[in-house]
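A.B. asks: Chains as they are written, first to last, in our numbering: chain A, 1 to 904; chain B, 905 to 1808.
Simulated from the structure, these hints should not be mistaken for lab results.
A portion of the hints provided could be inaccurate.
Mimicking EDC-like on lysine to aspartate or glutamate, the simulated pairs with C-alpha atoms at most 16 Å apart in a straight line are [claimed, not checked]: (1) B:1469 to B:1499; (2) A:548 to A:837; (3) B:1719 to A:689; (4) B:1246 to B:1165; (5) A:172 to A:188; (6) B:1529 to B:1543; (7) B:1753 to A:837; (8) A:683 to A:710; (9) A:815 to B:1593; (10) A:342 to A:307; (11) A:625 to A:602; (12) A:849 to B:1741.
Pair ranges (Cβ atoms, derived) [as the list claims (entries may be wrong)]: (13) A:437 to B:1727: 30 to 36 Å; (14) A:682 to B:1209: 55 to 61 Å; (15) B:1462 to A:877: 36 to 42 Å; (16) A:509 to B:1693: 27 to 33 Å; (17) A:682 to B:966: 55 to 61 Å; (18) A:238 to B:1727: 45 to 51 Å; (19) A:877 to B:1580: 34 to 40 Å; (20) B:1509 to A:675: 32 to 38 Å; (21) B:1661 to A:374: 52 to 58 Å; (22) A:175 to B:1661: 56 to 62 Å; (23) B:1580 to A:494: 42 to 48 Å; (24) A:675 to B:1146: 43 to 49 Å; (25) B:1509 to A:233: 54 to 60 Å; (26) B:966 to A:583: 52 to 58 Å.
Ideal placement from N, C-alpha and C gives every residue a C-beta, glycine not left out.
Number of protein chains: 2
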Amino acid sequence: MATKSRLTYSFGASRAEGNAGMREILGGKGAGLHEMTRIGIPVPPGFTIPTAVCNYFYAHRRRYPSGLENAVNLALRKVENNLGRRFGDAANPLLVSVRSGARESMPGMMDTVLNLGLNDDTVAGLAARTNNPRFAYDSYRRFVQMYADVVLGLKSTDKAAADPLTQILDAKKAQRGVRLDNELTAVDLRDLVRAYKREIKARLGKEFPADPYEQLWGAIGAVFGSWHNDRAIAYRELYHIPHHWGTAVNVQAMVFGNLGDHCATGVTFTRDPSSGEKSFYGEFLLNAQGEDVVAGIRTPRTIGELEQTMRKAFGELRRVCRLLEKHFREMQDIEFTIENHKLWLLQTRTGKRTGFAALRIAVDMVGERIINKQEALLRVEPDQLNQLLRPIFDRQGKQRAEHAGDLLGRGLPAGPGAASGRIVFHAEDAVAWNRRGERVVLCRIETSPDDIRGMDAAQGILTARGGMTSHAALVARQMGKVCIAGCEALQIDYAVGKLNVGASELREGDWISIDGSSGEVFRGEIQTRPSEILQVLLTHSLDKRQSKIYRQFAQLMKWADQTRKLGVRTNADQPDQAAIAKAFGSEGIGLCRTEHMFFQGDRIQAVREMILADDEAGRRRALAKLLPMQRQDFKAILDIMGRLPVTIRTLDPPLHEFLPKTEAEILELAQVMGVAVATLRHKVNVLQEFNPMLGHRGCRLGISYPEITEMQAQAIFEAACELRREGKHPFPEVMIPLVGSRQELREQRLIVDRVAQRTMKAYGVKVHYAVGTMIELPRACMVADEIAEEAEFFSFGTNDLTQTCLGLSRDDAGKFLPSYVLQGLLPDDPFVSIDRDGVGALMRIAVAKGRQRRKGLEMGICGEHGGEPRSIEFCHQLGLDYVSCSPYRVAIAKLAAAQAALRK
Amino acid sequence: MATKSRLTYSFGASRAEGNAGMREILGGKGAGLHEMTRIGIPVPPGFTIPTAVCNYFYAHRRRYPSGLENAVNLALRKVENNLGRRFGDAANPLLVSVRSGARESMPGMMDTVLNLGLNDDTVAGLAARTNNPRFAYDSYRRFVQMYADVVLGLKSTDKAAADPLTQILDAKKAQRGVRLDNELTAVDLRDLVRAYKREIKARLGKEFPADPYEQLWGAIGAVFGSWHNDRAIAYRELYHIPHHWGTAVNVQAMVFGNLGDHCATGVTFTRDPSSGEKSFYGEFLLNAQGEDVVAGIRTPRTIGELEQTMRKAFGELRRVCRLLEKHFREMQDIEFTIENHKLWLLQTRTGKRTGFAALRIAVDMVGERIINKQEALLRVEPDQLNQLLRPIFDRQGKQRAEHAGDLLGRGLPAGPGAASGRIVFHAEDAVAWNRRGERVVLCRIETSPDDIRGMDAAQGILTARGGMTSHAALVARQMGKVCIAGCEALQIDYAVGKLNVGASELREGDWISIDGSSGEVFRGEIQTRPSEILQVLLTHSLDKRQSKIYRQFAQLMKWADQTRKLGVRTNADQPDQAAIAKAFGSEGIGLCRTEHMFFQGDRIQAVREMILADDEAGRRRALAKLLPMQRQDFKAILDIMGRLPVTIRTLDPPLHEFLPKTEAEILELAQVMGVAVATLRHKVNVLQEFNPMLGHRGCRLGISYPEITEMQAQAIFEAACELRREGKHPFPEVMIPLVGSRQELREQRLIVDRVAQRTMKAYGVKVHYAVGTMIELPRACMVADEIAEEAEFFSFGTNDLTQTCLGLSRDDAGKFLPSYVLQGLLPDDPFVSIDRDGVGALMRIAVAKGRQRRKGLEMGICGEHGGEPRSIEFCHQLGLDYVSCSPYRVAIAKLAAAQAALRK
């Protein structure tokens, strides 16, 4: 670390060495504290150790840069002078909090220590100064417990049990016959601290540190260390936060919400983070510290009630909130403490919100002239739009079992949407059950950052304790998960693996349903119906004008359409999918997989006849049966899409996919088809492949059996010609898969062109059409210039291109790919987001070579990456013409494309 | 075709419009005729229609350029004037031959018509002019038969039967009680012509053309048409002759070797094409036409005998042969005809030869100062060296069956080497049997160009008729096949599927052995022993000085070593392979596959224990058993290779390859290992993969189980340290497979480096070593710059790179790849010769990126392409440092590398 770099940044008394623009250096929390101080908002004084120190710490075997100790001491002196208290002073002690703060908020992921500076001497001074021994010992008790957990690493060995100090606390409460912490006396609390220290000594073999400076450096080290704890790493993986950013450390004077009944602590949002409504929204606890709110140990009161209790502080809080939203031009998530009627701000940051809220806030703020349309487009995470499309419960629908749908209880509607799943009680179980295909609802007394993977794996989260700003609620909203928090009627017994709601008892594995929009918990599995937006768009059961959320959605989509450069098509194999896509404003079909039609109804019979045929004549007979069915499919899809392009891919999967695998299935099919078992078994054996992914599939089938391509082309052009005769303007694009050389494409396009000419002549009409190819092999990228001579369009098949480029079978990679991503061997799961350095580099070559050889070559992507925002951004950068994604992701893709255009 | 292009090139009477440098225009035969005419050698006059006309013909639906007819007529006039005869003149007719002639010789592949211009009128004139009615009608009979076959397409419908006209001829001979054609009288022959014409009319429904001009254009069209017949296409595929070259047509005045006993026709080579010996070598038939020699219908006499029959013509032939070899500075293959003691040359071309002959001629000609060393290196096809290493029969060895090894008969030693195989009688059977893994010997009365694929599929070829210059002999020598021609004791009955040699009868499927160096045919399968060169190099059973062929071989290798830029290493997994490679002058080991060692003896037991272990500790226990065995292997190999680099690849194949597949095998192994069947079956199921090629293998294993890499590294460095302690200088290069990102390589090299440091410290020695990677994934090529930061060397694994680049599983491609190559969809089998446009383009990117990031990065190739001459040329062009190939291909690779350097 360069010696000139600053090692601390102080703030306090309306002066700050940093500002809001210094997130990279100070972290989000630090930058917010400095900025608030600067604009005159009451913030307890303190200082920030910048992120560069964190990186130094990891680059130098957990040592600090020389000079840090000195800089920290100097910064601490400023705080002391500012407040007139001294750190470690027995008479008038300064207590501090030590908190992490990365560039992006990672709620609850890293460590925090409060009330630091207390020991047996200073606690007495605190008691004397505040004239409140109970408060002083309560703070002391909290500090020792938190420090033991965070810095000393004291954990329970039994996963189901509470940690050792909580057990001691619970025992004390039981002994004293009380339910809540604040019912314990000062003496109880002093005894507890002693008992805690004994337990720590017994378990760790050393004394709890009494020296405030030793405490301080322990806490700083713990905060830096927490940057690389498992849950923080997992969080960063999930949200694509680079590991090299590092965290800052904020050391700040304590203010106390637990000094008595004129004290409170709470969290507010400048708008409702669930609905986005512009209302002053928040929760608080009287006589408590902030951790109590976030951890969900006591269910807090809504912010409105604060007005009755502390009118002046409430007014001040409201003023400050308005000021902060205006200053930052964004919805803020604010932590505050009221110490004897005096308001202190401890944090402000951009508030996490549901998709509903994100949409509404963005559109509203444009209406309020706070932001412009471009900013609004950037304010909604594309994936959040998914939430708007999520089904809601259809209580009228048929239920699965008796009593299914019985209302069990109510909690806080913390994450909108409807979810059914089987009950699990532990995050690890959620992950394991999900992996084997089960839908689960994670039911917890409260959640902690350790549960993050389990929350991701669950359909929904249900907690017994905690408010709208509890960990469960915050994380669920960000993940777009259905969540009900603080369902107080819920009693969970982890040990037995059961939960009780009123008179009902449910066990692990039982079905439960939760409505995260209403807060209702139901027994059993409940059918769902489309979301409000889908009711407008698809079922027309709601009028556009009636639905506010639809109008907001339509507004955002309009702005996105005006902004984006990329076209958005859809992958649809069936007319109903095409209709959905059209309703979402898809600009064509980018991939229609003809083989999906092969599996429908009795078609599979004709397909199998074709495969079992001994010669071309036999294949042609079977194909003739398929022809009218395919024609009908294509006609319906082409009709729905009007003049828009419909890209139809010729047969792609290896033929063995259409035959049975097991001996039993072979026996059965042989009987059904009336062929000899031996014949069928022989064919299955002959067609078997070692590596089907790299086998006889794609255009290789059409080259071995040109009559297949011929039949499919005929079905396409007969369908198109029929429509043309009806005065319509269908636009089929015939796409040849798995092409690796110009000659392959040429062979296939000759067939398509011949059939097209013949069919158009027979019908006496002209149909506008194109022939092109998938680009899904590395070789195709390397010879894209040659292929472009035969292709009117390229469509990147990034699923297969990823498999071949990385030599990675998607079906097999599950065994090691997750740990690969975790270990940082690959930046992302390449099947989720395009591997830019590998697959992306091949695509870049193909784009350049293709365009160089054929001006105006149309290029798109039809792999699943076509619906993933970061991949869409890459496609925009590549200069593709369009992305194609699943029908329900069309809106997401449009927004992502608009954002890509704005970011360019 | 540009109108200015010449449409014919005339030659005759010491003047020619073309020369030897015009092969591309005139074809090889044409260029030879023009050049011979130019230098005063007696050549019947004629003209050449250039190859461009052939390409015009195919580009314009088999039409000719305007003006061709006129040009042909003019050229014909010149020939008429030159000889004082007229085409179609009943009194003094000019007869011509019409022959194909491509840039490269394609012996027998395309069509020829002789004696053209005969009809019922001109035959009488010919009879009168030559005063030899028998000759005239013999010529007429030959012409009609040949024209019917070549131009009119008259074929037998029964594959086993002779063609219809031959049946008529055979019937006539039987009726007249004679054995040979030349025992028939003029009247017999006239009757035959009439019978032929009747048969043609009956079968084809039209008269045989009497107009000589109609005959001529029919023949020209047939020759052009034959460029695209199946056997010509197959030949070009086999020898990589581009289809777009086209053929020329040579129209030339006939001279006659069948005018009587002062006439002869024959073929000579300026040196022995089998051994390379500098001796005047050839064969002739008295009173015959050239086709009789080539077709092998009569077994010809050796050229020496000509001296007794026609001393003057013999002397002239000898003089002309010397002149031609000197003129062309190459061994020549010459066709001649003697018409009434007058010698005419009909063709001269570079002679095909065996590998033995190629080597000897090249080395001898340098000694004779005809060519220089560079030319000598270019005169031997690298793959021909294979013949020198081919085993010879070990008659002392143990035979398989009673009577095996009994001498059945003798024929001409037409293709050296020893071959055993099962008898097949038809080319298609040879192909089919070979495909299912059988070794076969193709036994034919005579071979024809239709048999070429069958000859390629057979171990050896045995014919009953034909000489050293028969079709079978020529093609076998070129292919490097073992061949015995003209084994007159052999009687083959195609219909029954049996052959008789003396008293012995053998049936299809029986074993037979042929020695193509001695001409001996043996019953049964015979064991073999190493070739002479291998006896010198490997068994030391022969002294270097005793072996002439070894001295020639060593000479050529010395020149190759002086010339080549590419290093040549070998792929060897075991000490004996390393020793062979060393003997051949390998400059290191480019690929030592450690897993091959895993299968030896009882090691597989420890490997399976490792796989079945539940945890790392269990794996480590099993690995500890493997450690001493691997150390021992590595020590032996490193010891043999001295200071040369030994590239050792860490474990590559997926673990399921070491486990059983079928239920029966699982049961058996469970018993042997003493584990529960269910446990084993479960493990087998868990490890099963959909696409093993793209699965959990390569460095992915070492990353999942670092202890495997650790054990292997430990074995390598313990072996190296032990040798170093013994005063030796081992040089291990540790190679990490299937790397796709820099981070993967880094993880693995950290393990290797750590183990290396630890081991060297423990042994108290320093060992020179390197760590590098395979480049075998497209992604690795795209990020080769990043990978180069961790890699001291790259080794292209072109087997896997081909599979991933083309999306083509080598195990599965067999079903469609051959037809792909045939249809021209791919220029070559990409697993045989590097696909330059796809795989090669990726390699080019990797080379550039690798070198750009790390100066002096060592680069080689260890895929099977490393031993294939055209791929080696590409590696030279890429600027790789070395190729690595199988031990027996080291010499081939060295020669190919030298040629690449000379061609650059």
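A.B. asks: Does each hint fit the structure? Answer for all of them.
C.D. replies: Do the hints match the structure? See the list:
1. Note on residue 1469 of chain B and residue 1499 of chain B: the hinted pairing is violated, with a Cα-Cα distance of about 32 Å set against a maximum of 16 Å.
2. Straight-line distance between C-alpha atoms of residue 548 of chain A and residue 837 of chain A comes to about 43 Å, which puts the hinted pair past the 16 Å bound.
3. Distance hint between residue 1719 of chain B and residue 689 of chain A is fulfilled; the C-alpha atoms sit about 10 Å from each other, no more than 16 Å.
4. A C-alpha spacing of about 12 Å is found between residue 1246 of chain B and residue 1165 of chain B, which places the hinted pair at or below 16 Å, so the restraint holds.
5. For the proposed pair residue 172 of chain A and residue 188 of chain A, the alpha carbon gap of about 8 Å is at most 16 Å, so the pair holds.
6. For a cut-off of 16 Å, the pair hint linking residue 1529 of chain B to residue 1543 of chain B is broken: about 22 Å separates their Cα positions.
7. About 13 Å separates the Cα atoms of residue 1753 of chain B and residue 837 of chain A, which keeps this hinted pair within 16 Å; it holds.
8. At most 16 Å may separate the alpha-carbon atoms for a hinted pair to count; residue 683 of chain A and residue 710 of chain A exceed this at roughly 23 Å.
9. The hinted pair formed by residue 815 of chain A and residue 1593 of chain B meets the criterion: a straight-line CA distance of about 10 Å does not exceed 16 Å.
10. For the proposed pair residue 342 of chain A and residue 307 of chain A, the alpha carbon gap of about 14 Å is at most 16 Å, so the pair holds.
11. With a CA separation close to 11 Å, the supplied pair residue 625 of chain A and residue 602 of chain A stays within the 16 Å bound.
12. Restraint check for residue 849 of chain A and residue 1741 of chain B: the C-alpha separation of about 13 Å stays at or below 16 Å, so the hint holds.
13. Range check, residue 437 of chain A to residue 1727 of chain B: about 44 Å between beta-carbon atoms, so the 30 to 36 Å window is missed.
14. Taking 55 to 61 Å as the suggested C-beta distance range, the pair residue 682 of chain A and residue 1209 of chain B conforms, at roughly 60 Å.
15. A beta carbon spacing of about 57 Å between residue 1462 of chain B and residue 877 of chain A contradicts the range 36 to 42 Å that was offered as a hint.
16. Separated by about 51 Å at the C-beta atoms, residue 509 of chain A and residue 1693 of chain B break the suggested range of 27 to 33 Å.
17. Distance hint for residue 682 of chain A and residue 966 of chain B: a CB-CB separation of about 43 Å, inconsistent with the stated range 55 to 61 Å.
18. Take residue 238 of chain A and residue 1727 of chain B: their Cβ atoms lie about 49 Å apart, and the range 45 to 51 Å holds.
19. Under the hint 34 to 40 Å, the C-beta atoms of residue 877 of chain A and residue 1580 of chain B, about 55 Å apart, miss the expected range.
20. A beta carbon spacing of about 45 Å between residue 1509 of chain B and residue 675 of chain A contradicts the range 32 to 38 Å that was offered as a hint.
21. Range check, residue 1661 of chain B to residue 374 of chain A: about 56 Å between beta-carbon atoms, so the 52 to 58 Å window is met.
22. Take residue 175 of chain A and residue 1661 of chain B: their Cβ atoms lie about 59 Å apart, and the range 56 to 62 Å holds.
23. Evaluation of the 42 to 48 Å hint for residue 1580 of chain B and residue 494 of chain A yields a failure: the beta carbon distance comes to about 34 Å.
24. At roughly 46 Å, the beta-carbon separation of residue 675 of chain A and residue 1146 of chain B lies within the given 43 to 49 Å, and the hint holds.
25. Evaluation of the 54 to 60 Å hint for residue 1509 of chain B and residue 233 of chain A yields a failure: the beta carbon distance comes to about 39 Å.
26. For residue 966 of chain B and residue 583 of chain A, the hinted distance range of 52 to 58 Å is satisfied, since their beta carbons lie about 57 Å from each other.
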